[in-house]
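One line per chain: the protein sequences are Z and B, in this order.
The first sequence begins at 1 in the working numbering and counts up by one.
The second sequence begins at 1001 in the working numbering and counts up by one.
Be a bit skeptical, because a hint or two may be false.
Said to hold, decoys possible - Here are the simulated SDA-like cross-link-like pairs (lysine to any residue), alpha carbons at most 25 Å apart as the crow flies:
{"#": "1", "chain 1": "B", "residue 1": "Lys-1369", "chain 2": "Z", "residue 2": "Val-40"}
{"#": "2", "chain 1": "B", "residue 1": "Lys-1062", "chain 2": "B", "residue 2": "Ile-1036"}
{"#": "3", "chain 1": "B", "residue 1": "Lys-1364", "chain 2": "Z", "residue 2": "Asn-90"}
{"#": "4", "chain 1": "Z", "residue 1": "Lys-94", "chain 2": "B", "residue 2": "Ser-1104"}
{"#": "5", "chain 1": "Z", "residue 1": "Lys-16", "chain 2": "Z", "residue 2": "Gly-29"}
{"#": "6", "chain 1": "B", "residue 1": "Lys-1364", "chain 2": "Z", "residue 2": "Val-40"}
{"#": "7", "chain 1": "Z", "residue 1": "Lys-209", "chain 2": "Z", "residue 2": "Gly-39"}
Claimed, not checked - Partial pick of chain B residues on the chain Z-facing surface, computed with a CB cut under 8 Å:
{"#": "8", "residue": "Ser-1081"}
{"#": "9", "residue": "Leu-1083"}
{"#": "10", "residue": "Thr-1085"}
{"#": "11", "residue": "Lys-1102"}
{"#": "12", "residue": "Ser-1368"}
{"#": "13", "residue": "Ala-1370"}
{"#": "14", "residue": "Ser-1377"}
{"#": "15", "residue": "Lys-1378"}
{"#": "16", "residue": "Ile-1516"}
Source of the hints: derived by calculation from the structure; they are not laboratory data.
Where a beta carbon is used, it is the ideal one built from N, C-alpha and C, also for glycine.
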Amino acid sequence: MPIICIRNLKKSFDKKEILKGVNLFIEKGEILGLVGRSGVGKSVLIRILIGFFKQDSGDIEISAESKDPIGYSMQENAIYEYLNVDQNLNYFSKINKIPRNIRKERIAYLLKDLNLEEYKKVLVKNLSGGTKKRVDLACALLNKPEILILDEPLLGLDPELINDILKIILNANQNGTTIIISSHQIEELSNICSRIVLLKNGLLYNIKKDQLKQVYK
Amino acid sequence: MVSESLAILKRNISSLINSKLSFIIIFIGPIFLMLIVGVALQNNELRNIRVGIYTQNPEDLKTDEFMSGFVNKIGDTAQESSLETCKNRVINSEYHACVEIKKSEEYNPIDNPSIISQGSIDTPSYQVISYVDFSKTKTVWGIINRIQKVVDLQSQEMMGGKVKEATIKMDYFIDKIQTEKNRISEVKSQIGLIKNYLGDMESDVGNIKSQTTTAIGEINGINNKINSVMALVASIPEATNQLNGIRTDLNNVLQKLNYIEQLTGTTGRLLTNLRSIKSRIEEINTDLSTTESALENIINEWNNLKNTDLSSISKPVTHETQSILGGSTLKSSSLKEIDYLFPSLLMFFIIFISLVFPTTLIIKERASKAHIRNITSKTNGTKFVVINFISGFMVIFLQIILIMLISKFFLNINILDNITSTIILSIISIITLGLIGVMIGYAFNNYEGAVMASISLSIILLIFLPVITPTETLPAQFSQIFQSAPSVILSDKIRMSVLAGTGYSFSISEAISIIITIILTIILTIMFYNKNKRKEI
Chain Z
1 MPIICIRNLK
11 KSFDKKEILK
21 GVNLFIEKGE
31 ILGLVGRSGV
41 GKSVLIRILI
51 GFFKQDSGDI
61 EISAESKDPI
71 GYSMQENAIY
81 EYLNVDQNLN
91 YFSKINKIPR
101 NIRKERIAYL
111 LKDLNLEEYK
121 KVLVKNLSGG
131 TKKRVDLACA
141 LLNKPEILIL
151 DEPLLGLDPE
161 LINDILKIIL
171 NANQNGTTII
181 ISSHQIEELS
191 NICSRIVLLK
201 NGLLYNIKKD
211 QLKQVYK
Chain B
1001 MVSESLAILK
1011 RNISSLINSK
1021 LSFIIIFIGP
1031 IFLMLIVGVA
1041 LQNNELRNIR
1051 VGIYTQNPED
1061 LKTDEFMSGF
1071 VNKIGDTAQE
1081 SSLETCKNRV
1091 INSEYHACVE
1101 IKKSEEYNPI
1111 DNPSIISQGS
1121 IDTPSYQVIS
1131 YVDFSKTKTV
1141 WGIINRIQKV
1151 VDLQSQEMMG
1161 GKVKEATIKM
1171 DYFIDKIQTE
1181 KNRISEVKSQ
1191 IGLIKNYLGD
1201 MESDVGNIKS
1211 QTTTAIGEIN
1221 GINNKINSVM
1231 ALVASIPEAT
1241 NQLNGIRTDL
1251 NNVLQKLNYI
1261 EQLTGTTGRL
1271 LTNLRSIKSR
1281 IEEINTDLST
1291 TESALENIIN
1301 EWNNLKNTDL
1311 SSISKPVTHE
1321 TQSILGGSTL
1331 KSSSLKEIDY
1341 LFPSLLMFFI
1351 IFISLVFPTT
1361 LIIKERASKA
1371 HIRNITSKTN
1381 GTKFVVINFI
1391 SGFMVIFLQI
1401 ILIMLISKFF
1411 LNINILDNIT
1421 STIILSIISI
1431 ITLGLIGVMI
1441 GYAFNNYEGA
1451 VMASISLSII
1461 LLIFLPVITP
1471 TETLPAQFSQ
1481 IFQSAPSVIL
1491 SDKIRMSVLA
1501 GTGYSFSISE
1511 AISIIITIIL
1521 TIILTIMFYN
1531 KNKRKEI
């Protein structure tokens, strides 16, 4: 049974229809690549999935075990620049109501797992782009999400940092997390995704990995 | 070169036009601000001045010419039965001033009922004391001027009465002097008569003297003849002749004695004349005594008139101004300029920071990239609104406390005397205005628009604070609106709490105004929050 079922999803902004009836079924443990030209509505679809936007019509059905199954990381890091790493993680775990006994342990684990321990007390604004992205990913992983949605997680990173981020993504996937990743980095996507879908003219199409280069021609 | 410059210019203008709210705030905002301020400040004359009047005898306000005239000319007045109540109503901003009128009856130089019955106005003097609130720095001088003008007008009218009275009293003195002058003329004529009587008496006495001398001579002749008779008795023939001679002489003596008898009648006239003289002299004496007493009276009255305070004629009404806080409250007379100004400065700060800080806090939060995690978190959105407001409130409250401490210990302002009330009123102000700041933060979807809106609103509220623009100077409609504005109400309350030690009680209308503002702001905030929470800035 798919962990996410999206049926006939529609969304318009200022009378312009961005999503014209998207249908998508994602199996548990999948790494789904979401591609498409800039402005086609990938971020809109992701924002609907994470609950930031509401769809105009259509259904989204999530079959998860936990009540808070989704973690996400946006193109721009959704963390507070004037808080340090620890403060950010604590704040987001608290507003997501992660129980106190789990919170401390989880933060310690993520700090270690994402190599953030040495930056624990550093203000985010003073961190490099790659470290900020790791902090953002740590925030996304705070609730041990069953589904991790990543919008352009590799944008602006150098190859070494891209590898670091990919390792984190793959590690999460190995732990059973379903991944939805939107990116223009077609090579990296080809390497890690089990399936790729193309968003074009408000509709989703399954494409093969070797068709990826055609998308940007 | 030119094309790049034009491109930059075009970019700036396009960016501005494309951001509709910024465009409205930047272009329409200042015009609106100018219009509202222009219309409101077109006239700085004080309107709707309400004055409480206190006098010891309330009936005087209706019957006394000066007092009734004063009440009519001053405008909107209310009679007060106690001076303290009257002053407290100024403290509570119900009146702009409390006027105490003291009537003095001391000036009464001539106690002459005939003068009074002639319609002479023996006008009393008046002392007008205006109790005003000096912390209303913009209106206080206008209010004092208004009262002074009425006092001057009334004083001028009374001065006419006083001068008339003085003229009547001068005429009275002249009449009296004229009477005494006539009396002196009468004395003069009496003295003329006495002179005539004395002339007659002088001639009568001369006649008596000459007749008596003659009689004495003749009697001596008789005596000689008798002696001769005595000698001739012996030769009798010749004695007959001698006796005939004696008879003739005796006839002569008889004639003389008759004349003396007549003169005796003249002596009677002399006596009558003397009696007349005595009587005239007595009359003269009486007249002179009357004149002396009259002159003494005139001198005394003149001295009285001379001793009369001339200023009571030239200025029958004196006017002095006293602070409403003098001795009646916690505050002593040692209030300084900064004491009067401080509460307004405190309110300036509260208005500005309570509007701008929460707006900035909210809009920064909403513009933050991390905001998306707040929206999608498990925490209820209302909690974010409430906690954001509380955060703003705490920061502002701490600032207020800091300002109060600095004011007390560095500027020596007596803020601590009524600190509880002042703090409670400050809290109500921060809550009321802070909520508006939060509402603006959620109403706008761009940073500059929100910040400009809150700054503009704070400027409007600051401009229309009584210390800058008294509501009394505003057109009627504006005056009504701003009088019931929470910022104006709270500003007044804080001012009087700091200066007069008043409490934090509100009238029903004031409480309704503040509560409605708070409820309306909360409703709008929730509305804007729900409408805009998913809009990215």
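Can you name, in rising order, the numbers of the hints this structure does not satisfy? 2, 4, 5, 6, 8, 9, 10, 11 and 16
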